[in-house]
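**Q** One-letter residues, chain by chain:
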Amino acid sequence: MNTRAPFRTTLVGLAVGVLLALLIAPQSRWLVRYQLALVGVTVGTPPSGPSSMSDQPLRIAAAHPGDYQLQLAAQQNGDRREQYVAYLRTLTPRFGNNPSLYANLLRYEIGGDKEKGVHLARPEEHELEAARPEEYELEAGGKYNTLPASAPALLAAFDADAAQGERLDPSNAYFPLMHAISLFAAHRDAEGLAAVQRASTKPVWNEYVSDETNGRLRLADAAYGHAPSISRVAIMAAALYPQYAPLRAVARLATVLAMHAEQSGNPARGMSIRRALMQDGDLMRVQAQVYIGNLVGIAISATARSRPGGSEAAKRPQPFDGDQWARMRLEAFARYARQAGFPDDAARAEAQYAAGEAVRRKVSMSLDHSVFSPQRVNRLAAGWIGGTLALVSAFWLLVLGGVGALLSRLPSVRNRQPLPSAARWGTTAALALAASIVALLAAENDTQPSIALIMALGIAGAVAVSALTLRRDGEQGRQRLKTFARALGVTALMLMGLALVAAWQTRGILKFVQVQSGISGLSGDGSGGSETSPLIAGLVVTGIGLIVPAVLAIALSIRARIRRVPAFAALASGFRRVALPLACVLIIGYGAAVLGTLREEQRMDNGLRQMISHEGRYYASLAGAAWPGPA
Amino acid sequence: MPDTFRPLGDEKPKMALRDEELDIALRDGLRRLPTPAVSADFDARVLAALAVPPSAWEGLRIQVVSTLRPLLCGTACSLGVTLLALFWTLHMPAAVPALPNAPSSARPLDMAALDSLLSQPRLGASSLTVWARQSAVPIATLAPPPIPSDPERRPRAEHRRACRPFPTLLTA
Numbered sequence: 023m024n025t026r027a028p029f030r031t032t033l034v035g036l037a038v039g040v041l042l043a044l045l046i047a048p049q050s051r052w053l054v055r056y057q058l059a060l061v062g063v064t065v066g067t068p069p070s071g072p073s074s075m076s077d078q079p080l081r082i083a084a085a086h087p088g089d090y091q092l093q094l095a096a097q098q099n100g101d102r103r104e105q106y107v108a109y110l111r112t113l114t115p116r117f118g119n120n121p122s123l124y125a126n127l128l129r130y131e132i133g134g135d136k137e138k139g140v141h142l143a144r145p146e147e148h149e150l151e152a153a154r155p156e157e158y159e160l161e162a163g164g165k166y167n168t169l170p171a172s173a174p175a176l177l178a179a180f181d182a183d184a185a186q187g188e189r190l191d192p193s194n195a196y197f198p199l200m201h202a203i204s205l206f207a208a209h210r211d212a213e214g215l216a217a218v219q220r221a222s223t224k225p226v227w228n229e230y231v232s233d234e235t236n237g238r239l240r241l242a243d244a245a246y247g248h249a250p251s252i253s254r255v256a257i258m259a260a261a262l263y264p265q266y267a268p269l270r271a272v273a274r275l276a277t278v279l280a281m282h283a284e285q286s287g288n289p290a291r292g293m294s295i296r297r298a299l300m301q302d303g304d305l306m307r308v309q310a311q312v313y314i315g316n317l318v319g320i321a322i323s324a325t326a327r328s329r330p331g332g333s334e335a336a337k338r339p340q341p342f343d344g345d346q347w348a349r350m351r352l353e354a355f356a357r358y359a360r361q362a363g364f365p366d367d368a369a370r371a372e373a374q375y376a377a378g379e380a381v382r383r384k385v386s387m388s389l390d391h392s393v394f395s396p397q398r399v400n401r402l403a404a405g406w407i408g409g410t411l412a413l414v415s416a417f418w419l420l421v422l423g424g425v426g427a428l429l430s431r432l433p434s435v436r437n438r439q440p441l442p443s444a445a446r447w448g449t450t451a452a453l454a455l456a457a458s459i460v461a462l463l464a465a466e467n468d469t470q471p472s473i474a475l476i477m478a479l480g481i482a483g484a485v486a487v488s489a490l491t492l493r494r495d496g497e498q499g500r501q502r503l504k505t506f507a508r509a510l511g512v513t514a515l516m517l518m519g520l521a522l523v524a525a526w527q528t529r530g531i532l533k534f535v536q537v538q539s540g541i542s543g544l545s546g547d548g549s550g551g552s553e554t555s556p557l558i559a560g561l562v563v564t565g566i567g568l569i570v571p572a573v574l575a576i577a578l579s580i581r582a583r584i585r586r587v588p589a590f591a592a593l594a595s596g597f598r599r600v601a602l603p604l605a606c607v608l609i610i611g612y613g614a615a616v617l618g619t620l621r622e623e624q625r626m627d628n629g630l631r632q633m634i635s636h637e638g639r640y641y642a643s644l645a646g647a648a649w650p651g652p653a
Numbered sequence: 004m005p006d007t008f009r010p011l012g013d014e015k016p017k018m019a020l021r022d023e024e025l026d027i028a029l030r031d032g033l034r035r036l037p038t039p040a041v042s043a044d045f046d047a048r049v050l051a052a053l054a055v056p057p058s059a060w061e062g063l064r065i066q067v068v069s070t071l072r073p074l075l076c077g078t079a080c081s082l083g084v085t086l087l088a089l090f091w092t093l094h095m096p097a098a099v100p101a102l103p104n105a106p107s108s109a110r111p112l113d114m115a116a117l118d119s120l121l122s123q124p125r126l127g128a129s130s131l132t133v134w135a136r137q138s139a140v141p142i143a144t145l146a147p148p149p150i151p152s153d154p155e156r157r158p159r160a161e162h163r164r165a166c167r168p169f170p171t172l173l174t175a
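Chains as they are written, first to last, in the working numbering: chain A, 23 to 653; chain B, 4 to 175.
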């Protein structure tokens, strides 16, 4: 009784069951469909139907005109900032009562080309660092006086957006502090200071940055289906925060004005400005949704403590590092504040410094474990690559197993006889011709006489010589020529069949690349699609898929050598017997890899959600620490 | 009349007796021979040989069933096990466990580093991670810098050097 047949059938059943289970469960179906698409197998509805991938987000957004987040994300922000600002203004009629629209407008109106964006860079900022007035004047006369002013129309639009945002969200400190940027840029310093102090009275800091990120993620899901976490990380990593540099400039200018007040004998006025700045910085440190915003808040509070009482600026002494220098400056400020009659401000500054230290030291150590860290991304990528490799290898094992089953019908294989020499010549000639055709296609853009062309000519010549050599007079010669031609034809047909299978697989890969390019476009880098050579893509994936069959072929050849069995017969029968069970084992292994990949995807998704909600708290949780509250 | 021409029924009784004895002995011997046991499937084989041979469709059905049975059993087993494993995998705690004392190659953000980070032209969500990767230091060198002692307790000369840039109200 043949016991192998039920065992093989059971193994096939196990593999089919694993695939079925992963396709039935919605949590894993999206991942398996993605990876099956790489093998050229489309299961169910493809992730997207239209031929042009880059139009899909626009279509989705057009179908949901009332969804603010989707509308926010429908256009790329990338390097075309002024175009994005113009697009955001078109949303005003529909979402004019949403403060988030104005928050994002303000963010993108900053920076860019000097003539087309709002920027703040005044030479007076550097009074804080210049050790002597002549140093400041030298720098001011050199590098910093060459900055052109922002266009008045841009400043006026910025003012209007900030005012409207403050009207719609009166408890949010973000709008008045951003307003201070345009006021200081227009040299309206008194109004700028008033905006800084107005911001310090607000209880909330909300930049509404999560609306844009959530919008892009939702748009990617709607347009392309559930995307791998790596793509979602890329979307999130592309978010830009141009507002922090001018906010720091606001802090420097306000501190300089405080210093001037103190130097002119009005320490109370100076301390009130510093107090407001420290309050704004502390609010950002606690409530900013992005971790860089928390760090900018720490920097703003530190800037507010600079040159207390108008003391002389100094560079950091050599033996002390940045932390020690910051500590010394804090102590100097606290000493000044207590001596000037502001003990509460001294205590608050020390508390803010301690909270800032906790954030800087402990929380920053968690950066290695964030969703952006190479370790996390590489682990996820390894799961995807391993699973895809297993699937592609199983696919090619099944194909080659079928070829082996067909070849096993030949008498020479059944009887374990070596191929006639004429048949060997025919097979070799067919393989060589195929290799030269592939090399010619790959070198099609090479205008110089290429090695591939020379190789092709040489191989064609060898084929012709071998055909002539095989030709002998009489019946024997004609028989050998027939055998040669038959082997050449059969091998060529088989290779063509394999090439068609590889082409079909490449179609799936190209579709996957198109989907990824579309998702990359949503991250705002402006690249709506990438040009991938189908031949190169097909060669790469086919090559990867043939690694396992190649190893099997080598093992079978060695075994044939040891047993003194003709290699051709051993390979054909070996693939017929071993390919199917090995493919089933690979599919079962693929199932285990999918579970690991899903687990990693879940972790990344969880991390992304937490980062979008409050990045600093996420890092604190990784470090096992609580997020420091207000000082 | 010679004996060879006499009819059979007229044989002498002595010959008939011998035949009967032989017959009895033969029967007796045959009776004593061991009887082979009947195999379990004897009846079935006999009946099968007498039965009508199955049609081609019936044969195909039998072959298909015999092939499908292990296939379906394997599929059902692995389907259930995979779904269970999937459920268990996705319902494990998803959060990355906190690593309060885990070594990290990230450089602590001192104020100078913070300043250089925040001065980048295109500050984005990934700027921190890129910066941390570029400034990674060996873990052994991550000892925190010593916090300077209370300046009031330091030697006077060192105290003057440290505090010179910040005149107080007493010296302004």
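Because the hints were derived from the structure by calculation, they are not lab data.
Keep in mind that the hints are not guaranteed to be accurate.
[To be verified] From the derived model, a few chain A residues whose C-beta atoms are all more than 10 Å from chain B:
(1) Tyr56
(2) Arg81
(3) Ala84
(4) Ala259
(5) Pro588
(6) Leu604
[Said to hold, decoys possible] Derived Cβ-Cβ restraints for the label pairs, each shown as a range:
(7) B:Pro37 <-> A:Ser434: 50 to 56 Å
(8) A:Ala404 <-> B:Pro96: 18 to 24 Å
(9) B:Gly83 <-> A:Gln439: 30 to 36 Å
(10) B:Gly83 <-> A:Arg102: 52 to 58 Å
(11) B:Gly83 <-> A:Ile569: 28 to 34 Å
(12) A:Ile569 <-> B:Ala79: 52 to 58 Å
(13) B:Val84 <-> A:Arg111: 21 to 27 Å
[Said to hold, decoys possible] To spell it out: a stretch of chain B is covered by chain A in this simulated footprint if at least three of its residues, at any positions, have a beta carbon under 8 Å from a beta carbon of chain A; those stretches are:
(14) 62 to 75
(15) 88 to 95
Just so you know, even glycine gets a beta-carbon here, dropped at the ideal spot from N, CA and C.
**Q** Give me the numbers of the hints this structure contradicts, sorted from smallest to largest.
**A** 4, 9, 12, 13
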